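A.B. asks: One letter stands for each residue in the lines below.
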Amino acid sequence: MMQQQHSDNAAKFIADDARTNWHDETLWFVRAKRDKAAHNLPEWEALRQAASDIKDHTLNHLDTYLLEFEEKAKANGIIVHWAFDADEHNQIVYDIIHQSGITKMVKSKSMLTEECKLNEFLQHNGVEVVDTDLGERIVQFRNETPSHIVLPAIHLKKEDVSATFHEFLHTEKGNNDPLYLTRAARVHLRNHFFTSEVALTGVNFAVAETGSIVVCTNEGNADLGVHSARIHIASMGIEKIIPKANHLSVFLRLLARSATGQPVTTYNSHFNRPQPGKEMHVVIVNNKRTQQLAEPDFKSSLKCIRCAACFNTCPIYRKSGGHSYHTTVAGPIGSILSPNLDKKQHADLPFASTLCGSCSNVCPVKIDIHNQLWKWRQLLTKEGYAPPAKTLAMKGMANVLGSPFLYNLSGKVGRWVMRNIPFLVNNKNWNPWFKQRDMPKAPEQSFRDWYIKNKKS
Amino acid sequence: MKVELFIPCYVDQFYPKVAIASLQLLQSLGCEVDFPLQQTCCGQPMANSGYNHFTESCNKNFVDNFSGNSFIVCPSGSCTLHIKEHLTGGDESKIENIRKHVMELSEFITDVLKVSNINAGFPHRVGYLTSCHGQRGLHLSSTSEINGPRFSKPEQLLRFVKGIELVYPQRVDDCCGFGGGFCVTEEALSVKMGQDRLKQFLELDVEFITGNDMSCLMHLEGLIQRNKYPIKVLHIAEILNTSLK
Amino acid sequence: MTAKDKIIAAIRAVKPEADPILEIKINGLTFADKRKQFIEVLNSIGGVVSIIDSKQALEEKIAEFISPNKIVINGFHPMESEYSKANLYEVDVAIIRGGVAVAENGAIWVTEKNMVDRMLPFSCEQLVIVIEEKNIVNNLHEAYDLINITEEGYGVFIAGPSKTADIEQSLVIGAHGPVALQVLITKDNTSTE
Numbered sequence: 025m026m027q028q029q030h031s032d033n034a035a036k037f038i039a040d041d042a043r044t045n046w047h048d049e050t051l052w053f054v055r056a057k058r059d060k061a062a063h064n065l066p067e068w069e070a071l072r073q074a075a076s077d078i079k080d081h082t083l084n085h086l087d088t089y090l091l092e093f094e095e096k097a098k099a100n101g102i103i104v105h106w107a108f109d110a111d112e113h114n115q116i117v118y119d120i121i122h123q124s125g126i127t128k129m130v131k132s133k134s135m136l137t138e139e140c141k142l143n144e145f146l147q148h149n150g151v152e153v154v155d156t157d158l159g160e161r162i163v164q165f166r167n168e169t170p171s172h173i174v175l176p177a178i179h180l181k182k183e184d185v186s187a188t189f190h191e192f193l194h195t196e197k198g199n200n201d202p203l204y205l206t207r208a209a210r211v212h213l214r215n216h217f218f219t220s221e222v223a224l225t226g227v228n229f230a231v232a233e234t235g236s237i238v239v240c241t242n243e244g245n246a247d248l249g250v251h252s253a254r255i256h257i258a259s260m261g262i263e264k265i266i267p268k269a270n271h272l273s274v275f276l277r278l279l280a281r282s283a284t285g286q287p288v289t290t291y292n293s294h295f296n297r298p299q300p301g302k303e304m305h306v307v308i309v310n311n312k313r314t315q316q317l318a319e320p321d322f323k324s325s326l327k328c329i330r331c332a333a334c335f336n337t338c339p340i341y342r343k344s345g346g347h348s349y350h351t352t353v354a355g356p357i358g359s360i361l362s363p364n365l366d367k368k369q370h371a372d373l374p375f376a377s378t379l380c381g382s383c384s385n386v387c388p389v390k391i392d393i394h395n396q397l398w399k400w401r402q403l404l405t406k407e408g409y410a411p412p413a414k415t416l417a418m419k420g421m422a423n424v425l426g427s428p429f430l431y432n433l434s435g436k437v438g439r440w441v442m443r444n445i446p447f448l449v450n451n452k453n454w455n456p457w458f459k460q461r462d463m464p465k466a467p468e469q470s471f472r473d474w475y476i477k478n479k480k481s
Numbered sequence: 587m588k589v590e591l592f593i594p595c596y597v598d599q600f601y602p603k604v605a606i607a608s609l610q611l612l613q614s615l616g617c618e619v620d621f622p623l624q625q626t627c628c629g630q631p632m633a634n635s636g637y638n639h640f641t642e643s644c645n646k647n648f649v650d651n652f653s654g655n656s657f658i659v660c661p662s663g664s665c666t667l668h669i670k671e672h673l674t675g676g677d678e679s680k681i682e683n684i685r686k687h688v689m690e691l692s693e694f695i696t697d698v699l700k701v702s703n704i705n706a707g708f709p710h711r712v713g714y715l716t717s718c719h720g721q722r723g724l725h726l727s728s729t730s731e732i733n734g735p736r737f738s739k740p741e742q743l744l745r746f747v748k749g750i751e752l753v754y755p756q757r758v759d760d761c762c763g764f765g766g767g768f769c770v771t772e773e774a775l776s777v778k779m780g781q782d783r784l785k786q787f788l789e790l791d792v793e794f795i796t797g798n799d800m801s802c803l804m805h806l807e808g809l810i811q812r813n814k815y816p817i818k819v820l821h822i823a824e825i826l827n828t829s830l831k
Numbered sequence: 140m141t142a143k144d145k146i147i148a149a150i151r152a153v154k155p156e157a158d159p160i161l162e163i164k165i166n167g168l169t170f171a172d173k174r175k176q177f178i179e180v181l182n183s184i185g186g187v188v189s190i191i192d193s194k195q196a197l198e199e200k201i202a203e204f205i206s207p208n209k210i211v212i213n214g215f216h217p218m219e220s221e222y223s224k225a226n227l228y229e230v231d232v233a234i235i236r237g238g239v240a241v242a243e244n245g246a247i248w249v250t251e252k253n254m255v256d257r258m259l260p261f262s263c264e265q266l267v268i269v270i271e272e273k274n275i276v277n278n279l280h281e282a283y284d285l286i287n288i289t290e291e292g293y294g295v296f297i298a299g300p301s302k303t304a305d306i307e308q309s310l311v312i313g314a315h316g317p318v319a320l321q322v323l324i325t326k327d328n329t330s331t332e
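Chains as they are written, first to last, in the working numbering: chain A, 25 to 481; chain B, 587 to 831; chain C, 140 to 332.
Among these hints, one or two may not hold up.
[As the list claims (entries may be wrong)] Only part of the chain B face toward chain A is listed, based on derived beta-carbon distances under 8 Å: (1) Gln599; (2) Gly723; (3) Gly765; (4) Met804.
[Stated by the list, open to error] Covered stretches of chain C (in silico footprint by chain A; criterion: 3 or more residues with CB under 8 Å from a CB of chain A, positions within the stretch not fixed): (5) 140–152; (6) 194–202; (7) 244–253; (8) 276–285; (9) 302–308; (10) 312–325.
[Unchecked claim] The calculated lysine to aspartate or glutamate pairs, modelled on DMTMM-like cross-linking and capped at a C-alpha distance of 25 Å, are: (11) B:Lys814 <-> A:Asp462; (12) C:Lys145 <-> A:Glu233; (13) A:Lys399 <-> B:Asp677; (14) C:Lys154 <-> A:Glu144; (15) C:Lys173 <-> A:Asp59; (16) C:Lys164 <-> A:Asp80; (17) A:Lys268 <-> C:Glu179; (18) A:Lys60 <-> C:Glu281; (19) A:Lys419 <-> B:Asp650; (20) C:Lys273 <-> C:Glu251; (21) A:Lys465 <-> B:Glu773; (22) A:Lys36 <-> C:Asp284; (23) A:Lys477 <-> B:Asp650; (24) B:Lys686 <-> A:Glu67; (25) B:Lys785 <-> A:Asp40; (26) A:Lys419 <-> B:Glu789; (27) C:Lys164 <-> A:Asp392; (28) A:Lys57 <-> C:Glu179.
I should point out that these hints are in silico values taken from the structure, not numbers from a laboratory. Predicted model only: the values in this text are computed from it and were never measured. By construction, the Cβ of each residue, glycine as well, lies at the ideal position given by its N, Cα and C atoms.
Here chain A stands alone, though its shape is the one from the complex:
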């Protein structure tokens, strides 16, 4: 049953209590670093508002800015492609590689390409893909998907990484030292950088005014890949566009602080023109983003700059892990983006939340994530993605709770049953509350009963 998927996955994750605590504390630590960075900038809230305003405005003029970007980029010698969906994107990327007779590509982090399942497509068609972000390379070896969009291997302990590197890189068995393991990856990936003719990157920001793309990394892998290669392919979602170059100051001041608590990522690379003798391609991808754009309630989810601050603060994410969401982009933002991609597959995600609202408060572009989670619940239910049993139960509940007579009667009866035939209610098999919690005591009088009896007037 679709709506149980996240809850089943979460229950499995939580069964390992020690590991859940470790995962929870690790992510909370990242949240705490964000807090420190945010509270050190007096203008933090003004920055969030500015970023939100820029993105709101951009979404209202997306066609203008995309066309301006294309015009400027082309004038600078960049080849611009458009892909309506994931399949078209993958084909375009493949064609660029294949036409040049190349069979290996290095790739820095791009959640868009994860969404499009590019790696599988290329591999299936004879192109080796080497993910060069350290976290992504680790999960690639393990044949897993990233569990976090900024910290792909956050679900793994150093022992796990050590075992994986021992298997694939022949590092010392049992050597868990992060420095040792990172150096091993450095050597291994430098070989790949050096021998790759094509490099693919994501795009953090595409500047309409200048036709430039900006890529932010800490590791330097995006640049090493691109500058070693002859061909640079940059994949971007249509929503990555921003109007002006100086808007970058707003976003770059917010991005790393929100993501990891750093003032800025180590490298913020502005690609304007390909190096002489080399090729640069940008693939502008829709993949249902225009569909989300058409929904007034959900349109602003496209403002997302993929910082994952919402992941780090979300108690559900922290205590159930990214893989519990069974989707490319997990966490709160993923729960309002994924249903747009596939309602049936992801109908459970908006319910994987207590609507606490912490996500909306940490979002650097002020997406009202928790409100959109509520709205998706309504839409998915109305469109028939709820289990019939649930709908029946809710209809019954609504009838009772909406009628003073039925409400007072069932309250009285219910409490009587709880006091006199407790085993009917105190049952772990069919009362999920009772599995690990006691029921509240059932008083003889409701407040209303007491009030009528004791009314002073």
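Starting from the structure of chain A, add chains B and C where the hints point.
C.D. replies: Frame of chain A; chains B and C shown alone:
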């Protein structure tokens, strides 16, 4: 001042003492309190589960029971927020009036009654549980996420209570895991979140946990009883209503 | 209809009434001593800083990096270095010129013409960037007001040595880019011709 008392359905049924305390507290602060007898439920249980379109009868019943001309005071942040954000159907101007007048108990006392003292005594070590909807939805207190001045309306009131030792858990406003339907649809997560929250309070060695929402406290109490933790829950109204001896 | 046409049409189908271009003005954080802040932040992110008082001091400092068993590319005298792509991966030290430097985050704007090759600031083992004290600004807003990002084909804000925390959140300095960054801050009277 005339006020209308809006009591959450689960408080009416399972925690009448919280409603009694709210009533008596408001009376002791000089209010003339009316409790519309035919009120039932605000509709939040259905709405948050995706069935907002089933809440017509709850909405109608709410509008029928409350005039909208006096303040509607409710000892629950989430029920108050739900009415403010989702009450609909029928006379739009009456509904607008209701929205303007519906208030959670603490914020009513601080912002409308503007009391400078509450004659209460509770010489115990008490941990405060921040409930999310009241905090982030109604702005009953500042949040750990937003860069802004620190304030708390519930704390303002608790500071009047003689002898109380008020403490906060390390993760001040991390959700307790009740979440309405979530408490049963994601039972494992709900319990885990509640247990983690309780661990933080147990570390503080408090006798009581208090807060503004009995739903959160009911969820923690369920875990406390099952695990026999040496700790009790009390709604803030109950503490504010303990008269000074 | 091409993909481009379809996408633009879909966007236009839901385009609301135009709203005016926004004016964004942020009062960015400023510092009484920009240089001090820059150094503090850079140190905290793994960078090492030296203050250079004179032209001679600069030449002496640069000379410290050069030794016979090291491959060094000195961006100030690039013609002296022969290099190929293979050599760039074997460079021990690269010394290059930086432009605007940002106090709030320790970042330095480096443009292509000062890199010798786009790859050099990333492939060398240790990177040395020489900046002028007068080019230190308070924050990124001031930086972007000063630079023209498309002046050259490529430019990058570099803040510290490369790093990662992808293995159990343990910070490791030196990921794929340089394992060390040293910044030489020259004072106004130092000619860096």
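A.B. asks: Now tell me, hint by hint, if it's right for this structure.
C.D. replies: Hint check results:
{"no.": "1", "hint": "Gln599", "in the structure": "holds, 5 Å"}
{"no.": "2", "hint": "Gly723", "in the structure": "holds, 7 Å"}
{"no.": "3", "hint": "Gly765", "in the structure": "holds, 3 Å"}
{"no.": "4", "hint": "Met804", "in the structure": "holds, 5 Å"}
{"no.": "5", "hint": "140–152", "in the structure": "holds (count 10)"}
{"no.": "6", "hint": "194–202", "in the structure": "violated (count 0)"}
{"no.": "7", "hint": "244–253", "in the structure": "holds (count 3)"}
{"no.": "8", "hint": "276–285", "in the structure": "holds (count 6)"}
{"no.": "9", "hint": "302–308", "in the structure": "holds (count 7)"}
{"no.": "10", "hint": "312–325", "in the structure": "holds (count 5)"}
{"no.": "11", "hint": "B:Lys814 <-> A:Asp462", "in the structure": "holds, 10 Å"}
{"no.": "12", "hint": "C:Lys145 <-> A:Glu233", "in the structure": "holds, 23 Å"}
{"no.": "13", "hint": "A:Lys399 <-> B:Asp677", "in the structure": "holds, 24 Å"}
{"no.": "14", "hint": "C:Lys154 <-> A:Glu144", "in the structure": "violated, 35 Å"}
{"no.": "15", "hint": "C:Lys173 <-> A:Asp59", "in the structure": "holds, 24 Å"}
{"no.": "16", "hint": "C:Lys164 <-> A:Asp80", "in the structure": "holds, 16 Å"}
{"no.": "17", "hint": "A:Lys268 <-> C:Glu179", "in the structure": "violated, 31 Å"}
{"no.": "18", "hint": "A:Lys60 <-> C:Glu281", "in the structure": "holds, 23 Å"}
{"no.": "19", "hint": "A:Lys419 <-> B:Asp650", "in the structure": "holds, 21 Å"}
{"no.": "20", "hint": "C:Lys273 <-> C:Glu251", "in the structure": "holds, 21 Å"}
{"no.": "21", "hint": "A:Lys465 <-> B:Glu773", "in the structure": "holds, 20 Å"}
{"no.": "22", "hint": "A:Lys36 <-> C:Asp284", "in the structure": "violated, 52 Å"}
{"no.": "23", "hint": "A:Lys477 <-> B:Asp650", "in the structure": "holds, 23 Å"}
{"no.": "24", "hint": "B:Lys686 <-> A:Glu67", "in the structure": "violated, 32 Å"}
{"no.": "25", "hint": "B:Lys785 <-> A:Asp40", "in the structure": "holds, 17 Å"}
{"no.": "26", "hint": "A:Lys419 <-> B:Glu789", "in the structure": "violated, 43 Å"}
{"no.": "27", "hint": "C:Lys164 <-> A:Asp392", "in the structure": "holds, 23 Å"}
{"no.": "28", "hint": "A:Lys57 <-> C:Glu179", "in the structure": "holds, 18 Å"}
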